[in-house]
Amino acid sequence: MKQKFKRPESLIDVPFHFCPGCHHGIIHRIVAEAIDEFGLRERSIGVASVGCSVFMYDYFDVDVLEAPHGRAPAVATGVKRARPESFVFTYQGDGDLAAIGTSEIIHAANRGERLSVIFVNNTTYGMTGGQMAPTTLPGQTTTTTPYGRDTYVAGFPIRMTEIMAQLAGVSYAARVSVHNPKALMKTKKAVRKAFESQIRDRGLGFVEVLSACPTNWKMKPLEAARHVEEVMAPSFPLGEYKDDLQTSGT
Amino acid sequence: MSDRKLVNGNEAIAMGAIDAGCRFYFGYPITPQNQIPEYMAAHLPEVGGVFLQAESEIASINMLLGAGATGVRAMTSSSSPGISLKQEGISYMAGSEIPGVIVNMSRSGPGLGGIAPSQGDYFQATRGGGHGDYRTLVLAPHSVQENYDLTIRAFDLADRYRNPVVVLGDAILGQIKEPVILRPPDRAKETRKDWILTGCAGRKPRLLKSLYLTDGELTEHNWRLYRKYQEMRREVLYETVGTEDAEMIVVAFGSVGRIVKTSLEMARESGLRIGLLRPVSLFPFPTEALQQAAERVKRFLVMELNTGQMVEDVKLSVAHMAQVDFYGRPPGSIPTPDELFKEIQSAFERMS
Amino acid sequence: MAKVEFLEERCKGCGLCVLTCPKNCLIISSRFNRQGYAIAECIHPEDCTGCALCAEMCPDVVIEVWK
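Chains A, B and C, in that order, are what the protein sequence lines are. Take 6 as the starting number for the first sequence in our numbering and just add one per residue. Take 546 as the starting number for the second sequence in our numbering and just add one per residue. Take 60 as the starting number for the third sequence in our numbering and just add one per residue.
So that you can see chain A by itself, here it is in the shape it has in the complex (with noise of 0.2 Å):
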C-alpha cells in the first residue's frame, strides 16, 4: 500500500490552535500543499496578518514576517520588491483585508504587485470575538449587531473579488469554498493559480476563500459548514471572477 495522503512539508507538524470545524486549517494546509507542490518552500516569505490568521509562522515552515493590522499587501510589496526572486504570498482575514487594509489591497492589487493573496471571509471579526466585519451579511447577529446588521445604519457586505476583477493589475481572481470535497478541489485549483500569478510573473494572484467559523456564529460544525454553502455562498457567488492566465505568454 502506498501512502495517499499526508501532512504537507511545508505544514509544520503542531496542532492548530484554531475552533474545532474551523475551516482555516483546511485553508492553511491547502497552501501548504501548493508550496510543496511548486517547490516554494525556500524561497518563500509569508507575510502574517493580524486576526485568527496571526499564527500562520507557527504553521508554514517559511520565512515569516508579521504585518500590522491590515497592511500586509504593502509589507509583501515592500518585501517583493526588494527580493523579487522570492515567492512572497499574504493570508488575511475579512477584517483585515476588508476593512483596516482596504487601501493597501486595492493598491497593491492596481500596481500589479506579483503577490499571491490568500482571503480567508467569515463574515465576521473571529479572534476578537465575533464582531461585525465588512462581509457580515443583512440581518447578521454579531456581537456589534446584536439586533442584525441593519443596512440603514451599518451598510453592506463588500464583495472583493469582484472588485479585485476590476483591477488591470490583478491576473487571478476566484471565489471559492472548502464546505464540502467538490468545493474544496476547485480551491486548490484557485490558489495554485493565484501562485502561477506570481511564478509566471502576471500580476497579482488573489483568492477569497467562504469559510465557517462555528463558534462566533454559534453554530456547530456541520451546522457551519452547511451555512457557507446555503447562506454565504448565495450572497458571495463562487466562481473565478478573472483569469488571464490562459491569455498568450510565459
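One or more of the hints may lead you astray.
The list that follows gives simulated cross-link-like pairs (lysine to aspartate or glutamate, DMTMM-like), each with its CA atoms no further than 20 Å apart [said to hold, decoys possible]:
hint : chain 1 : residue 1 : chain 2 : residue 2
1    : C       : Lys126    : C       : Asp106
2    : B       : Lys749    : B       : Asp760
3    : A       : Lys194    : C       : Glu100
4    : A       : Lys193    : C       : Asp106
Covered by chain C, according to a simulated footprint, are these stretches of chain A (three or more residues, beta-carbon under 8 Å) [as the list claims (entries may be wrong)]:
hint : stretch
5    : 6 to 12
6    : 75 to 82
7    : 145 to 158
Please keep in mind that the hints were generated in silico from the structure rather than gathered at the bench. Glycine included, each C-beta is placed from N, C-alpha and C at the ideal position.
Here the structure of chain A is known, so what remains is to put chains B and C in place on it, guided by the hints.
Just chains B and C now, with coordinates in the frame of chain A:
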C-alpha cells in the same frame, strides 16, 4: 578631491541616502519635502534602485518595514501629519527590530497646521512617537551639509542597532540651497546581517515579529530593547560654540541652532558672553554634555519653534544645577537673528 | 485495499470527516482525547476505498490514508 555642489536641502538628503547604498524609497507627496521623492524617482532607477510612490504614508512605512526585513537599505520621508500616520509602522519596526530611515521635514501643526517650519515634532520623534516602550535614534541637521552627512549616518546607525532612525529636519532645511561636499562612505564597513528574510534555502526558516504572548516573554523582550536604547547613548552628537567662557548657554537644535549662531555673534559684539550647545542627536540627548557645562555655567536658555518640548529634556538634565529659561516661537513665523538676540538679552537680564 | 489512521490527540471531534465519507465508515466515538474532544474513528475499515476525502476535509490534518 571630493565634489562640492550647490544643492537643495531636500535633495541633499536623497543624495546622502543613495550614497549610503539606499536602493529602495517608498513615499508620498507632502509639502515641504517633495523634492525627496522627486529626486529619488529620477535617480534611483539610474543605480538599479526602486522608487515607489505609495498610496499613503501608512502604506509607505509598511513597505519600508517589508523591505528592511529582507536586509536592504530603504527609506521613507514625509512631514509632520504624514509622520503621525507612520507611527504604527515605526512601532512595529522597533518591536521587530527592523532597520530603516524615516525623514521628517517638519511643518506646522497640530492638524493640517501649515507649511511653515516648526519644531513641534520633537516629542513625537524622541519619545518613540507610537505606542509602546521604544525609541528611535533621532538626528537633527542644521545645514544642507548635515542633511547629507547625517542621512548617511542614519543608515549606518539603523543597521548597527537594527532599529528605525529618524532624521528630523524642517521646512527651512528642506528648501534652502547651500554648497555641499559630497563624500560617499566606505560601504565595505557595513554591518553584516544574519537575521534577514530571504527564503530559507540552506537554513532554518526565520521569523520577524513583535507579538509575544507567552507569560514573561514580552517583559524580557522589552528589557532587551531598553538595554539596546541604553547602548545607543554612545552615539550622542552635539556641537558647542563659545561655551568655554560663556555666562549663559543657549540650547537650540536644527534651524533655530543655525539662526542662533548669528545671534551669538551679535551678542559677543555687544559684550555678552553667550555660548550655544546644539544637540545633533536628539535621542540620545546630550545630557552629560549639558551637565558638564552646568558645572560652570548657571544660565541656560532653550529656544525652539514650538511652545516647549526640548526644554523639558534640558530641565531634566540640568534644572537641579542651573537656571533654565525658555523662549518658544510656535510655528507660523521664522525668527530673525536679531529677534533671537533680543530674547537672549532679556533672558540674560532675567536670570542675573 | 485501503486504510486510514487517526492522530487521535489532534482530533477535535468536528465531524466533518464523518459527514464526508461516501461509505459511512466513520463515526464520532465515545472516547475522549486529552484535549477533551470526542474522537472520530473508522468503524468499517473493510469498506474503506482510500478515497481520502475524509483526510481532505479534516481541518486538523488528523487522518493519514493508505491505498
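Status of the hints after comparison with the structure:
no. : hint                  : result
1   : C/Lys126 <-> C/Asp106 : 12 Å, holds
2   : B/Lys749 <-> B/Asp760 : 25 Å, violated
3   : A/Lys194 <-> C/Glu100 : 29 Å, violated
4   : A/Lys193 <-> C/Asp106 : 27 Å, violated
5   : 6 to 12               : holds (count 7)
6   : 75 to 82              : violated (count 0)
7   : 145 to 158            : violated (count 0)
Consistency note: the structure conflicts with the earlier hints numbered 2, 3, 4, 6, 7.
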